[in-house]
Amino acid sequence: MPDAPPEPLAPPLAECQAGRVRLAGAWTVTALSAHGDPLPAGELPTCFDASALGALDTTGALLLVHAEGRCAGAVAWEGLRDEHAELLDLVRRHRHAAAPHADAASVGVLALLGRDTCRRLAEARDILAFLGEACVACWRALLLPHRLRLTPLLANVQRAGFEALPIVGLLSFLMGIVIAYQGGQQLRTYGASLFVVDLVTLTMLREMAVILTAIIVAGRTGSAYTAQIGTMRVTEEIDALRTIGIRPLDLLVVPKIFALVLVLPLLTVYADMMGVFGGMFIADLMFGVSFTEFLQRLEQVVSLRHFLVGVGKAPVFALLIALVGCYQGFKVSGGADAVGRQTTVSVVQAIFLVIVVDAAFSVLFSALRV
Amino acid sequence: MPDSASPRFAEVLVRVRGLRFSRGTRVIFDGIDLDIPRGRVTAIMGPSGTGKTTLLKLIGGQLRPQAGSVEIGGTAIHALSRSELFELRKGIGMLFQSGALFTGLSVFENVAFPLREHTRLPESLIRTLVLMKLESVGLRGARQLMPSELSGGMARRVALARAIALDPALIMYDEPFTGQDPISMGVLVKLIRLLNDALGMTSIVVSHDVKEAASIADYLYLISGGQVVAHGTPAELERADSDWVDQFMHGLPDGPVPFHYPAPAYADDLLGGAG
Numbered sequence: 001m002p003d004a005p006p007e008p009l010a011p012p013l014a015e016c017q018a019g020r021v022r023l024a025g026a027w028t029v030t031a032l033s034a035h036g037d038p039l040p041a042g043e044l045p046t047c048f049d050a051s052a053l054g055a056l057d058t059t060g061a062l063l064l065v066h067a068e069g070r071c072a073g074a075v076a077w078e079g080l081r082d083e084h085a086e087l088l089d090l091v092r093r094h095r096h097a098a099a100p101h102a103d104a105a106s107v108g109v110l111a112l113l114g115r116d117t118c119r120r121l122a123e124a125r126d127i128l129a130f131l132g133e134a135c136v137a138c139w140r141a142l143l144l145p146h147r148l149r150l151t152p153l154l155a156n157v158q159r160a161g162f163e164a165l166p167i168v169g170l171l172s173f174l175m176g177i178v179i180a181y182q183g184g185q186q187l188r189t190y191g192a193s194l195f196v197v198d199l200v201t202l203t204m205l206r207e208m209a210v211i212l213t214a215i216i217v218a219g220r221t222g223s224a225y226t227a228q229i230g231t232m233r234v235t236e237e238i239d240a241l242r243t244i245g246i247r248p249l250d251l252l253v254v255p256k257i258f259a260l261v262l263v264l265p266l267l268t269v270y271a272d273m274m275g276v277f278g279g280m281f282i283a284d285l286m287f288g289v290s291f292t293e294f295l296q297r298l299e300q301v302v303s304l305r306h307f308l309v310g311v312g313k314a315p316v317f318a319l320l321i322a323l324v325g326c327y328q329g330f331k332v333s334g335g336a337d338a339v340g341r342q343t344t345v346s347v348v349q350a351i352f353l354v355i356v357v358d359a360a361f362s363v364l365f366s367a368l369r370v
Numbered sequence: 001m002p003d004s005a006s007p008r009f010a011e012v013l014v015r016v017r018g019l020r021f022s023r024g025t026r027v028i029f030d031g032i033d034l035d036i037p038r039g040r041v042t043a044i045m046g047p048s049g050t051g052k053t054t055l056l057k058l059i060g061g062q063l064r065p066q067a068g069s070v071e072i073g074g075t076a077i078h079a080l081s082r083s084e085l086f087e088l089r090k091g092i093g094m095l096f097q098s099g100a101l102f103t104g105l106s107v108f109e110n111v112a113f114p115l116r117e118h119t120r121l122p123e124s125l126i127r128t129l130v131l132m133k134l135e136s137v138g139l140r141g142a143r144q145l146m147p148s149e150l151s152g153g154m155a156r157r158v159a160l161a162r163a164i165a166l167d168p169a170l171i172m173y174d175e176p177f178t179g180q181d182p183i184s185m186g187v188l189v190k191l192i193r194l195l196n197d198a199l200g201m202t203s204i205v206v207s208h209d210v211k212e213a214a215s216i217a218d219y220l221y222l223i224s225g226g227q228v229v230a231h232g233t234p235a236e237l238e239r240a241d242s243d244w245v246d247q248f249m250h251g252l253p254d255g256p257v258p259f260h261y262p263a264p265a266y267a268d269d270l271l272g273g274a275g
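Protein chains in written order, with our numbering: chain A, 1 to 370; chain B, 1 to 275.
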């Protein structure tokens, strides 16, 4: 052992001289990554002189154990400190903890496809089960209306409905402008500018207003549902509710479903109005259709049926959004990162389902000639 | 071994027989028998990861076992309908590891929550009851605080006040001592014993803090590998001649319990073969 050990962060050195490797400096992960592996390539002599070796950690030890493997015979160590010898022994022991092979590393495309299909089917089944449970809970709440939780219901109505008015109004207004502008330009070439009224009102009332509102609500409220319930799962608040003897569904899901089913049709009516108003604005500004003409034409074109087709879809979308939001919240397990992941899934799934169901409605309505 | 599992106390409140539970392919409990004596503090101890929390959830009816039975006061809880189960749970308090306070409610409202939900008491009486419960855990002065403003030890005491709000006959503590400084640990130890004796409750404490658990428990169960490894009064277990019990009770790092968690072969992990 040298009298004064070299300072810890001296660069690691390995010199091959006269049939021995002289090791010096710090063989630690920081020093080695700064200076690189100092061992020369090729076969090494079988005598390692460690008398000048400063610090050694597992990384350095692993390199040295690897180096031993490159020697022709057994390595003789000289001047090795006791603690370094112990560390080398530890690394040697665990490096050779060899074992039978684990399962095949890569999986085929078919296996991945199958696994993914199974996962999605299981998820669909779980959502259905959740729908069933939620329906039972809602039914129970309707049978015993005095047990309906009024405060959370109203709080949800305010948050999902009232506070969404500005954004829903603005976006529908803009959507009305865009539709009127794009469609009106085509119509003008045929001198049929008045038909911009049909275009805007029918598109807004039947499709656009309700889809736009549903997407905004899925992003605003569905995600909030997932985050709230997910966080409560992480902090064990859901378990605490159960042990207090309260069904989490009654407290957390039923008011949300009722609130959203109530609020989404109302928001859709508001979006209808704002969208038509946006179209009216552009029709007057760009295509010379005055407000009076617009309203007269509107009366001829739009019947109650068109309005109901749009608004009638809203409760269904509301149910979808609330269900997916709550279901994904209950699926959170583990830590805070799961809340974020599940929130994303919730928004994507809700919007996806809304659009798929809307397509299904279109098919249904055209079959029924509504 | 049902009979040998019985502690020598007169009355048994919770009786667990032949309980089997597994998650996926991993068997967590493989035929467990427990008897929790009424009016006593029973500690269930075991190494981390033996499913002690799972056991509490099984007793509370939140999980369903694959086989075996759990009886509370003679009622087999897994045969109950859901509404009967929720009714039964009003008589069971539970203290969670994290406290699990409702983050949106103040300390006062947290403790008042079970009362408001399950009773139709007038507001003035609820207020008195809540203040009494808070007083018993020494936090009457903290009633307007929100859970985020509490220290870990205080949160656990508030949760304790909430758990005893409805004066349950049975209270279960999930790792009450974990992550507590010595002073709040001492406070909790004292509170658990005091509440048990003063309110005539039955307490189940799940813990791996041997010293604290042994100091308050009347009876101990040691669980490992899905089995009850040993049971007895703290004094009996202290003298037990089993290697395992000795290792656990005295905190020896190596012994019959391996140091390594079952893992893929070390070499494969290092070479990245498995991943």
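Since the hints were made in silico from the structure, they are not lab data. Heads up, a few of these hints could be off.
Claimed, not checked - Derived lysine-lysine pairs resembling DSS-like cross-links, with alpha carbons at most 30 Å apart:
#1 B:57 - A:331
#2 B:57 - B:190
#3 B:190 - A:331
Said to hold, decoys possible - Label-pair ranges, simulated between beta-carbon atoms:
#4 A:121 - B:84: 31 to 41 Å
#5 B:146 - A:108: 23 to 33 Å
#6 A:165 - B:22: 47 to 57 Å
#7 A:251 - B:25: 30 to 40 Å
#8 B:145 - A:66: 51 to 61 Å
#9 B:103 - A:30: 18 to 28 Å
#10 B:25 - A:151: 41 to 51 Å
#11 A:107 - B:66: 26 to 36 Å
#12 B:239 - A:30: 25 to 35 Å
#13 A:107 - B:20: 25 to 35 Å
#14 A:107 - B:27: 52 to 62 Å
#15 A:30 - B:66: 49 to 59 Å
All residues carry an ideal CB built from backbone N, CA and C; glycine is no exception.
Hints, one by one, checked against the model:
no. : hint                      : result
1   : B:57 - A:331              : holds, 18 Å
2   : B:57 - B:190              : holds, 25 Å
3   : B:190 - A:331             : violated, 38 Å
4   : A:121 - B:84: 31 to 41 Å  : holds, 33 Å
5   : B:146 - A:108: 23 to 33 Å : violated, 53 Å
6   : A:165 - B:22: 47 to 57 Å  : holds, 52 Å
7   : A:251 - B:25: 30 to 40 Å  : holds, 35 Å
8   : B:145 - A:66: 51 to 61 Å  : holds, 58 Å
9   : B:103 - A:30: 18 to 28 Å  : violated, 42 Å
10  : B:25 - A:151: 41 to 51 Å  : holds, 45 Å
11  : A:107 - B:66: 26 to 36 Å  : holds, 30 Å
12  : B:239 - A:30: 25 to 35 Å  : violated, 51 Å
13  : A:107 - B:20: 25 to 35 Å  : holds, 32 Å
14  : A:107 - B:27: 52 to 62 Å  : violated, 27 Å
15  : A:30 - B:66: 49 to 59 Å   : holds, 52 Å
Comparing the model with each earlier hint shows violations of hints 3, 5, 9, 12, 14; every other hint is respected.
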